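Each protein sequence line maps, in turn, to chains A and B.
Going by my numbering, the first residue of the first sequence is number 6, and it counts up by one from there.
Going by my numbering, the first residue of the second sequence is number 6, and it counts up by one from there.
Keep in mind that the hints are not guaranteed to be accurate.
Copies of the same chain look alike in the list, so a pair counts if it works inside one copy or between any two.
[To be verified] Derived lysine-lysine pairs resembling DSSO-like cross-links, with alpha carbons at most 30 Å apart:
#1 Lys9 / Lys277
#2 Lys277 / Lys221
#3 Lys343 / Lys9
#4 Lys277 / Lys79
#5 Lys13 / Lys343
#6 Lys34 / Lys76
#7 Lys79 / Lys221
#8 Lys9 / Lys56
#9 Lys276 / Lys306
#10 Lys13 / Lys68
#11 Lys79 / Lys13
#12 Lys13 / Lys76
#13 Lys79 / Lys276
#14 Lys276 / Lys56
#15 Lys343 / Lys221
#16 Lys68 / Lys264
#17 Lys13 / Lys33
#18 Lys56 / Lys34
#19 Lys33 / Lys306
#20 Lys277 / Lys13
#21 Lys306 / Lys68
#22 Lys34 / Lys343
#23 Lys68 / Lys277
#24 Lys264 / Lys13
It is worth saying that the hints were derived from the structure and are not from the lab.
These numbers were taken from a predicted model, which means no experiment stands behind them.
2 protein chains.
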Amino acid sequence: MAIKLAGKQTFVLQAPPSFAGHACIVGKKEGEGPLRDSFDLISADPFLGEKSWERAESALVKKAVGAALDKASKSFSDVNCVFCGDLLNQCTGTSFGVRESGIPMFGVYGACSTMAESLALAAMTVDGGFADTVLAVTSSHFCSAERQFRTPLEYGGQRPPSSQWTVTGSGAAVLTAEGPGPYVTHVTPGRIVDNGVTDANNMGAAMAPAAYDTLKAHFEDLGVGPDAYDLIVTGDLGAIGSEILCDFFAADGVDLRSKHADCGLLIFDRKKQDVHSGGSGCGCAASVLCGYLLNGMRAGKWQRILFTATGALLSPTTTMQGESIPSIACAVVISNTK
Amino acid sequence: MAIKLAGKQTFVLQAPPSFAGHACIVGKKEGEGPLRDSFDLISADPFLGEKSWERAESALVKKAVGAALDKASKSFSDVNCVFCGDLLNQCTGTSFGVRESGIPMFGVYGACSTMAESLALAAMTVDGGFADTVLAVTSSHFCSAERQFRTPLEYGGQRPPSSQWTVTGSGAAVLTAEGPGPYVTHVTPGRIVDNGVTDANNMGAAMAPAAYDTLKAHFEDLGVGPDAYDLIVTGDLGAIGSEILCDFFAADGVDLRSKHADCGLLIFDRKKQDVHSGGSGCGCAASVLCGYLLNGMRAGKWQRILFTATGALLSPTTTMQGESIPSIACAVVISNTK
Chain A
6 MAIKLAGKQT
16 FVLQAPPSFA
26 GHACIVGKKE
36 GEGPLRDSFD
46 LISADPFLGE
56 KSWERAESAL
66 VKKAVGAALD
76 KASKSFSDVN
86 CVFCGDLLNQ
96 CTGTSFGVRE
106 SGIPMFGVYG
116 ACSTMAESLA
126 LAAMTVDGGF
136 ADTVLAVTSS
146 HFCSAERQFR
156 TPLEYGGQRP
166 PSSQWTVTGS
176 GAAVLTAEGP
186 GPYVTHVTPG
196 RIVDNGVTDA
206 NNMGAAMAPA
216 AYDTLKAHFE
226 DLGVGPDAYD
236 LIVTGDLGAI
246 GSEILCDFFA
256 ADGVDLRSKH
266 ADCGLLIFDR
276 KKQDVHSGGS
286 GCGCAASVLC
296 GYLLNGMRAG
306 KWQRILFTAT
316 GALLSPTTTM
326 QGESIPSIAC
336 AVVISNTK
Chain B
6 MAIKLAGKQT
16 FVLQAPPSFA
26 GHACIVGKKE
36 GEGPLRDSFD
46 LISADPFLGE
56 KSWERAESAL
66 VKKAVGAALD
76 KASKSFSDVN
86 CVFCGDLLNQ
96 CTGTSFGVRE
106 SGIPMFGVYG
116 ACSTMAESLA
126 LAAMTVDGGF
136 ADTVLAVTSS
146 HFCSAERQFR
156 TPLEYGGQRP
166 PSSQWTVTGS
176 GAAVLTAEGP
186 GPYVTHVTPG
196 RIVDNGVTDA
206 NNMGAAMAPA
216 AYDTLKAHFE
226 DLGVGPDAYD
236 LIVTGDLGAI
246 GSEILCDFFA
256 ADGVDLRSKH
266 ADCGLLIFDR
276 KKQDVHSGGS
286 GCGCAASVLC
296 GYLLNGMRAG
306 KWQRILFTAT
316 GALLSPTTTM
326 QGESIPSIAC
336 AVVISNTK
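One chain only, chain A, in its complex shape:
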């Protein structure tokens, strides 16, 4: 029996790695939202001085990595490996972002759940004794995502109320074997859940059952409930998905609502910012985690959070072929104590 496996799918880390540094860089719209004070840099220029949105996204990654390493007092050569991924085809947002770093790389893909997946694998690599210093970074950019997944920006396509707004942002975290915390203590990887939703403009509805599945497994594996956490934060379920998730738990007699928050709802002010159901994208969960959430933990606002990023594993091709949307959620426990 695996020594670090609790129940069916939760990994219990024995030597929880510590966040040695974390940083987030976002675009103008995010910088006008409620979390504006938590970002390390807000770029007024959507191109970040680059000639394409794709290059701009990679520039976000470079800046986030640089800032996180600075805070950790580490350089590229101190990092044993990096886990990274993003929404762009073939994950070029992050791979082009780290290509000059010389850091051994593991590319990952979990759609908007990628930050939790990267963090999970980074933590497991340190806890497993393979590395002392590991980086996790993800990104998204509204403009590169729109033209790849939806319509050219110039087309000005109408957005239904259930749609979400892809965050322009990148979050990076440095994990080390030793340190004062916060620590990654548990990881619950997700199973794919597909309840048959085919509307690519309603990702929250597609992803909520995956978040429910992973959270339920996590609670069962550890024999706990929502009360074990000060905050249970999903990635980007938005307004609709968050409602569905809390309803699912309510039907089980479990009160998730009082502990639940969603990065997609935290990052924008839906009343003023016209983002419909909320924010989304790999950069959403990443930039909220690497600013607001981890800063809040360091300040003692929360002692123990369950970070559960969610991803819709669709592509424009699968949507055009009429496929439903397989979704996934990966949960990571972050605690101020080991």
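Dock chain B against chain A, hints included.
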């Protein structure tokens, strides 16, 4: 200092996991090549009974996973997690392939190096004490790759001599904590190397420097040379890339050539099969590993091999934007003894 880190970037597994089962499924053309006897199933129908090439690719994944689990006498519920990835946008080839399995999933992306990356992370997850049974699977399909990366198949685009032929195939491997071997004993993740090649029809030239970088690091980290292995097998450098790689080592006074083979050259007969520089795709290294190579190790043909899959981290968008091709190679030592 991390207890399992040798030199700069090689992980030394302390409790090497064992291959409990492995299987590969390929298309008709691969089934007509030199390795025909090593495949578990050869599908004469490029659609595998499905209505699209994308669904066909996912069907390859399903069949490979099923066959590997059968050989390992395992069922879906025995598998703690799966590492999988492929070339399709948003990695839908494999995610749709495993979506009904209920196995917790980590999606990975390393272009054609994905099988080595999946295997590396699967082995580290078992060695790290997190899981007893982990699956690694990747895929590619000539038709889904052509229409996504190049031109519609019906267009009949001319292929330059340096181009490679995407393998239609999937390979799956089940690793377990206990077993009689072969074992995964070491992992050397790759750094991104980009020497400025911009020709997306010459991936071998783009990837060879990455293979050189990873192999050189591996040899230095462990203080060994090519003689430590019975076979050093790259993923899909093809004829041109293989020549460049061996030349690089020759310039260092190291004879790699006598130990080197390449999955892209092994899987097709270039004289008869019109594949130009050789085979490629995530399914190339995967189907050669999970048939010919692991079967050969079990039969005692080789005792110790260095499996080094290579990937070109480009996308059609980066190519159109004039970017050069960042490449990566991940090396995994497979040995009949711990």
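Here's how the hints hold up against the structure:
Taking the shortest alpha-carbon separations for Lys9 and Lys277, neither the intra-copy value of 46 Å nor the inter-copy value of 51 Å comes in at or below 30 Å. With identical chains, the CA atoms of Lys277 and Lys221 are never at most 30 Å apart, being 34 Å at best within one copy and 55 Å at best between copies. In this assembly of identical chains, the alpha carbons of Lys343 and Lys9 lie at most 30 Å apart whether taken from the same copy (15 Å) or from different copies (22 Å). In the homo-oligomer, the alpha carbons of Lys277 and Lys79 never lie at most 30 Å apart, since the shortest distance is 39 Å inside one protomer and 54 Å across protomers.
In this assembly of identical chains, Lys13 and Lys343 lie within 30 Å of each other by CA distance both inside one copy and across copies; the values are 22 Å within and 28 Å between. Proximity of Lys34 and Lys76 under a CA criterion of 30 Å is satisfied intra-copy only: 25 Å inside one chain copy versus 53 Å between copies. Proximity of Lys79 to Lys221 under the C-alpha cut-off of 30 Å is restricted to the inter-copy arrangement: shortest distance 25 Å between copies versus 37 Å within a copy. Taking the shortest Cα distances, Lys9 and Lys56 never come within 30 Å of each other, neither inside one copy (47 Å) nor across copies (42 Å).
Taking the shortest Cα distances, Lys276 and Lys306 sit within 30 Å of each other inside one copy (26 Å), while across copies they are farther apart (68 Å). Proximity of Lys13 and Lys68 under a CA criterion of 30 Å is satisfied inter-copy only: 25 Å between copies versus 38 Å inside one chain copy. For the homomeric pair Lys79 and Lys13, the shortest alpha-carbon distance between copies (16 Å) is at most 30 Å, but the shortest distance inside one copy (36 Å) is not. In this assembly of identical chains, Lys13 and Lys76 lie within 30 Å of each other by CA distance solely across copies; the values are 23 Å between and 37 Å within a copy.
In the homo-oligomer, the alpha carbons of Lys79 and Lys276 never lie at most 30 Å apart, since the shortest distance is 40 Å inside one protomer and 52 Å across protomers. In the homo-oligomer, the alpha carbons of Lys276 and Lys56 never lie at most 30 Å apart, since the shortest distance is 33 Å inside one protomer and 44 Å across protomers. Taking the shortest alpha-carbon separations for Lys343 and Lys221, only the intra-copy value of 23 Å comes in at or below 30 Å, while the best inter-copy value is 38 Å. With identical chains, the CA atoms of Lys68 and Lys264 are never at most 30 Å apart, being 32 Å at best within one copy and 42 Å at best between copies.
Proximity of Lys13 to Lys33 under the C-alpha cut-off of 30 Å is found in neither arrangement, the shortest distances being 43 Å within a copy and 39 Å between copies. Proximity of Lys56 and Lys34 under a CA criterion of 30 Å is satisfied intra-copy only: 20 Å inside one chain copy versus 42 Å between copies. In this assembly of identical chains, the alpha carbons of Lys33 and Lys306 lie at most 30 Å apart only when taken from the same copy (27 Å versus 60 Å across copies). Within a single copy, Lys277 and Lys13 get their C-alpha atoms no closer than 43 Å, and across copies no closer than 50 Å, so neither meets the 30 Å cut-off.
For the homomeric pair Lys306 and Lys68, the shortest alpha-carbon distance inside one copy (27 Å) is at most 30 Å, but the shortest distance between copies (49 Å) is not. For the homomeric pair Lys34 and Lys343, neither the shortest alpha-carbon distance inside one copy (36 Å) nor that between copies (54 Å) is at most 30 Å. Taking CA atoms no more than 30 Å apart as the test, Lys68 paired with Lys277 passes inside one copy only; the shortest distance there is 28 Å, against 50 Å between copies. Taking the shortest alpha-carbon separations for Lys264 and Lys13, only the intra-copy value of 24 Å comes in at or below 30 Å, while the best inter-copy value is 43 Å.
Hint violations for this structure: numbers 1, 2, 4, 8, 13, 14, 16, 17, 20 and 22, all remaining hints satisfied.
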